[in-house]
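Assemble the whole structure, with the sequences as input and the hints as a guide.
4 protein chains.
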Amino acid sequence: MTFSALDSALLGPLFASAEMRYVFSDEARLEAMLRVEQALARAEAEHGIAPAGLADAIGAITPRQFDIAALGEKTALAGVPTIPFVAALQKLLPEDLRGYVHKGATTQDIVDTALVLQLRDAFALLQADLFALIDGLKALGLHHAETPCAGRTLGQQATPVTFGFKVAVWLTGIANAASALPALKERVLKASLGGPVGTLASLGEKGPAIAETFARELGLQPAPIAWHAIRSPMAETGAWLVILLGALAKMADDVIFLSSTEVGEVAEPHIPGRGGSSAMPHKRNPVSSIVILAAQAAAKAHVVTLFDAMISAQERSPGRWQAEWLALPQLFGLASGALREAASLAKGLEVYPQRMMKNLNITGGLLFAEAAAARLSAKLGRIEAHALIEEAARQVRDTGKSLQAVLKEPAFVERMQGMPVDEAFDLKPFVDTAAFWVRTAIEATESADALRRGGGNGV
Amino acid sequence: MTFSALDSALLGPLFASAEMRYVFSDEARLEAMLRVEQALARAEAEHGIAPAGLADAIGAITPRQFDIAALGEKTALAGVPTIPFVAALQKLLPEDLRGYVHKGATTQDIVDTALVLQLRDAFALLQADLFALIDGLKALGLHHAETPCAGRTLGQQATPVTFGFKVAVWLTGIANAASALPALKERVLKASLGGPVGTLASLGEKGPAIAETFARELGLQPAPIAWHAIRSPMAETGAWLVILLGALAKMADDVIFLSSTEVGEVAEPHIPGRGGSSAMPHKRNPVSSIVILAAQAAAKAHVVTLFDAMISAQERSPGRWQAEWLALPQLFGLASGALREAASLAKGLEVYPQRMMKNLNITGGLLFAEAAAARLSAKLGRIEAHALIEEAARQVRDTGKSLQAVLKEPAFVERMQGMPVDEAFDLKPFVDTAAFWVRTAIEATESADALRRGGGNGV
Amino acid sequence: MTFSALDSALLGPLFASAEMRYVFSDEARLEAMLRVEQALARAEAEHGIAPAGLADAIGAITPRQFDIAALGEKTALAGVPTIPFVAALQKLLPEDLRGYVHKGATTQDIVDTALVLQLRDAFALLQADLFALIDGLKALGLHHAETPCAGRTLGQQATPVTFGFKVAVWLTGIANAASALPALKERVLKASLGGPVGTLASLGEKGPAIAETFARELGLQPAPIAWHAIRSPMAETGAWLVILLGALAKMADDVIFLSSTEVGEVAEPHIPGRGGSSAMPHKRNPVSSIVILAAQAAAKAHVVTLFDAMISAQERSPGRWQAEWLALPQLFGLASGALREAASLAKGLEVYPQRMMKNLNITGGLLFAEAAAARLSAKLGRIEAHALIEEAARQVRDTGKSLQAVLKEPAFVERMQGMPVDEAFDLKPFVDTAAFWVRTAIEATESADALRRGGGNGV
Amino acid sequence: MTFSALDSALLGPLFASAEMRYVFSDEARLEAMLRVEQALARAEAEHGIAPAGLADAIGAITPRQFDIAALGEKTALAGVPTIPFVAALQKLLPEDLRGYVHKGATTQDIVDTALVLQLRDAFALLQADLFALIDGLKALGLHHAETPCAGRTLGQQATPVTFGFKVAVWLTGIANAASALPALKERVLKASLGGPVGTLASLGEKGPAIAETFARELGLQPAPIAWHAIRSPMAETGAWLVILLGALAKMADDVIFLSSTEVGEVAEPHIPGRGGSSAMPHKRNPVSSIVILAAQAAAKAHVVTLFDAMISAQERSPGRWQAEWLALPQLFGLASGALREAASLAKGLEVYPQRMMKNLNITGGLLFAEAAAARLSAKLGRIEAHALIEEAARQVRDTGKSLQAVLKEPAFVERMQGMPVDEAFDLKPFVDTAAFWVRTAIEATESADALRRGGGNGV
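Chains as they are written, first to last, in the numbering used here: chain A, 1 to 459; chain B, 460 to 918; chain C, 919 to 1377; chain D, 1378 to 1836.
Among the hints, erroneous ones may be present.
With the Cβ distance kept under 8 Å, some of the chain B side facing chain C (calculated, not the full set) [as the list claims (entries may be wrong)]:
{"no.": "1", "residue": "Gly-595"}
{"no.": "2", "residue": "Gly-632"}
{"no.": "3", "residue": "Ala-772"}
{"no.": "4", "residue": "Ala-870"}
The set of hints was computed from the structure by calculation and includes no laboratory data. No residue lacks a Cβ here, since even glycine has one placed at the ideal position from N, Cα and C.
As structure tokens, then:
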């Protein structure tokens, strides 16, 4: 049953990775809830208020022992999954242990901490894919650091760059997002144990110590105060994922334009069976880029839901908290598919330098107009130089001659006061400066990256 | 596997109705795709370009004959579900018919028309629930047309209304949304058959006639031009659903405040097992209102995705169209659950007139301050009257006396120039005017409603 | 002072029309508030509760008599503009009339009704521009109904269409939006007069009649119940504007691609001084399309604010209502600029049929692959036909030969069982079907249009 | 002229601080553009490609020397403000210097760097307000660390907390946002100097050095690669502002509920003339909270525009970049007003401990139900204990007796096996645990805060 294409057996594999699909499966959710109750039992046993055997008894139970459909029906009645879950869990335990399960905790503690455990797995998957993607883009950028290519602004050819420069721009955007991940995880991966209103009052003086043990058991940080009604970590997570997707979508959007029939400078990797058309046997559709753009388009709006969830009324919010369940996991699903496709692009993008060179020539040299104007400025002043080039450009468009040829016509030679402009049509300076920035960008990425890959054991 | 809580076996039943869950199940989607291919076959047979037996042969096939997981894997490769679906469908047909399947159509024709069939079922479910809800609110509003209740603006008690007046406001908002449904369905329930780029060129001169027969076969309208790249009907559908949810959420938000412990004027219907707390056995949480607010909170943002899908590049959009699959069905899921809960509220809301009366008295008569000022204005002028009442109100807050008592103190009597104000504290005029508007609003709803329920045969 | 670029003296003229800028100026807002108080005075005089001269006295006052900056400071203190406005208005009136101003009304009545008056003017401006735009697109579409052009799906050339077909798709999307305007105006152009909580209790039995006269005075509809807390008309207005902008943005997005240096099939109208680059004298940037895309990008999100404003707590919302003031007018500003630019595009778009023809040829005939496959299907069956064409297409890409040439090679001729395919490469059937749909779409538009332009006197 | 209420002379002062209004005024924008051109001139002079006197000559020019309305008209034509600005600037310079202005730069360099200068001022304003707010909340939280107050979840009273605990939750949310500001500024406060396509090719080998000097002149960081098409810093800024507003709105939403007539536990600070009603002289509306909620409601959606702007096509985006101008500054305006009001709340909120105590008693002791159940669990087991308390709670609701009284009735005493429950009704443990978390939260805030206030010289 699938309201979200992500959850569809038919469409889901296109949009999310199998690993991420597992992380957010009902089974994984139940597994996480079990681990949370187990950690609570262990913490409470350590502090003498639960029997020693409870944690192990819970640990022996698996999600498959639950009738999920029945839990679902009871959740629809109760309004929260925890009540039927705890009742079902109790039935699976020896009678003498049942009364100690879930002691002092509230629904939100279990649901939020279980979610954090899922997020930890989800972040790990994304992080691995991010590393692979970044490595792929570095290699691609370096390889084409000096491959000339038209620079395009506002939809029009402007002046030359290199293909590696484009890749370095993609890389920098993606690496920026990646570099924010460690700090984000530190803020998000916190256990929740506050009891009904966050003070853990029912555990009395032992409350704070139990909360700390509980967090440690799960490899999470304890919170300085219950975050039942402090939802910024979830909002930040959503914003980060959409910013990541924005960086990927920048690449995808460029690839779609560059691989259009008329531009033809790149093509998505050739994978047999991929990108076909049901009606047009010759087509190779840019499926990877499509998946990435669709992910960004569907993801961005979920963040508004998460922003609003911060307005968490009083000690627990009626409605906005529950909306997180509808929004947050989808963002991870969308990111997983988009990252998978982006990595595939980075690794296998087909690049056609000859077509790039051909496109550089279709304007009859107008790409060099700015360079010519800049050179002329030194002698004629900026204003006169621009006016002259603008007029020459008009003749290029009207006559089909090249700019270089037009500028050699007597009328222009005279106005240029004999100043030579041939050098303005040399690609080398464009290539050199572009390649310089490719190297600078990759270095900047690497220094952040070293920090990142080395840093953080476990978190 | 569930990225959206709607699709979860554990949480989904809380948020969506079982009927709507079926409408958007993978099975129903395949069923709809089969019906579309069948209608295409029938239309092409009628116009002599497909064998007569094809449609029936397709009609005999059921979704269960497909290996959905395998289709999903192939969809992830191909980028669209139609290619593997058509291939699998062909395998289920006699060899001599296989070549005629899907003739002249494109992926988008099948996916869009199948979606429209699902939307038709989804609209029908919502419409039935809307009728029930509106009937429930009319009865509730009439019943309490004269039940006095505090009016509250900007979070503060203002002047008296009746509870029926509040219900009439809810009703009007919801009825407004309902009245827009017939015209919306007319715009949305259109078949799509345009072939690769929308012109149906491969069917030649017969194209338009086949498109018309195809639409008629499915009980849909034909489109005046292919809507592959005209996505406003989907955007309008999303906007309508969120506006409907907004009208429901207005009610839910009011119910949550009115049922808060301190206000206590209403309570959600008592349903055994509903609204309990895992930690606090005495609580009755407003689950219906929570579901409605969560639905609105999660839904609103999807509309942005649908708005953007309108920017459908050239003859078919790479990315934005696919994002519709991620956004649109969820809106119906959220609406289904919210409507179910709203109907439950309208039918069973517990209303406590005594508590309403008690709350009307807690300000010591300040609710009547505006009425008193209005009466005094006639004699003192509006400015002096307001100043006098403002001063009296201050004394009410400072001394705990009632406004009526303060105004009878000599200092005020003198300033009021002997004008009596007792009548300003009479509830009756407030109740009468409120009841008048309840009747007016219900009448307005009914005239629109008559039109609506009578109108539209089938659509 | 400009937080929104729309309001900037420097940037605003780029994004909004001068007429719309006036409609939402502070001066126009004050003017509207004056007209509302005047109508209230007239209605109350007609029903005997205000002096006959008050309305005329208010009518003689102009916005320039107010110190707007001083009002602004007092609004920041009071929290609403009406309190200082009414106080300032009273000071401008003869003493004996002052006490009767604003009688029975509440802040929201004045602010909402004044807004509706502004919206009426704003709708009228948009409607006129929409007519001009639609007329322009009809002419453009008809003119190029038979101008061959590549159809492109998912970023790739697919099969041929005509340029008029593209225009007809733009037109249909825009005309769809236009056709919804009359019904929208009917729902939105309602007066608000409900007093503090919506019942107009302080006017007693005369309330409803005064409300009706008040509305009539302003040329507006009366509301069946106060809409202080029923905000769907504002949400619908926002959604409609963004759907309109989406339809315009579809056109702009297509124009940007089609006018890119490599595609070059259209260019924005040449207007001296427009679209230049500060650095590149030769460039002609697609300014109109940029303005339209920026408008849609900035507009879409405001609708979420308006959707949320529907959850209007109790009898008046603390916060969400006020957010409408920040969101709604901007949508009209953005629409005004986008429509102006769209009309300019429709009227003056430069179209290059020769370049279209050239682009149709760059794939070596692959655009005709689907047609060839369709023809072969009749003999070979759909599956074999597709396989054959796919193989031929591969040879086209590998060898640079045309598809037609490849299919004439012996190996293919044999597999095709002698079936001729030359006819598949004929543009005529593509042009004919495309032209058919252009005419159908324009007719559909016209029937809706006739209704629309004829219908509605005044509203 | 005001499409955004922020820019209105009438409404703007309510929503934005005067200081922030100046930062984003047209005058300040021109001033920033002048400083950017001046810095460029100085950097180019230092590297020998501009005359030494140019920078000082530009430095002597003030915004008032420009005819902003004329620039606006020309911007509407040109599509960007830089072209007419540079032309007008040249006219204000001695003729021999004119040709050197803006050398090598592109429109986006000037607009983006000027924006960054405005953002630097805007951040500084917000930071100062944040410090004041945090200090106010710490004092408020400590003062009421032990003031008992009902904890409320899902709209219902749950178990007791203290008012200081609520404040500590507000504080933690806001301090979380504050702690992210230094790192954010580091990512945002970067100069832009890339020339037409980002490579600064027209400055040749000197480009990188000039870019570095240019940044240093302005006190900004240089970028490792041009960020013309890397817009994550703007998206992050928007997300941060909305997260900050979410944390403020959490407080405002709580204040509105707590200050409602029926709850009455707090009131917004009394400021003469504030919060009055045009119709109801006695009302004191929560204006500060309203401004904060409106700000969040209007702000959140702008972030979607900024997220989309990341998909910056090729080397400069047609449309999405320009949309930033419409979205980003408003976020600062909204934040400035909301922070001002939040600081006012933190400093002057009126707190009524007696009313809090009164509200703690209205459920007849049901707030202690969880504590009673917890105590009974030790002896009866959790399940039986909950069942018993649930039954007693029902009797409380049915009979109006207190929970403590009901539990002393023989039937219950027997079922409780003589276990005493009086201690469960003691407020002290609730107060003690709440106060513990208040201190913990403030400490956590302070350690982050020390770092923050000390850290970052200049940035």
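Verification of the supplied hints:
{"no.": "1", "hint": "Gly-595", "in the structure": "violated (18 Å)"}
{"no.": "2", "hint": "Gly-632", "in the structure": "holds (5 Å)"}
{"no.": "3", "hint": "Ala-772", "in the structure": "holds (6 Å)"}
{"no.": "4", "hint": "Ala-870", "in the structure": "violated (22 Å)"}
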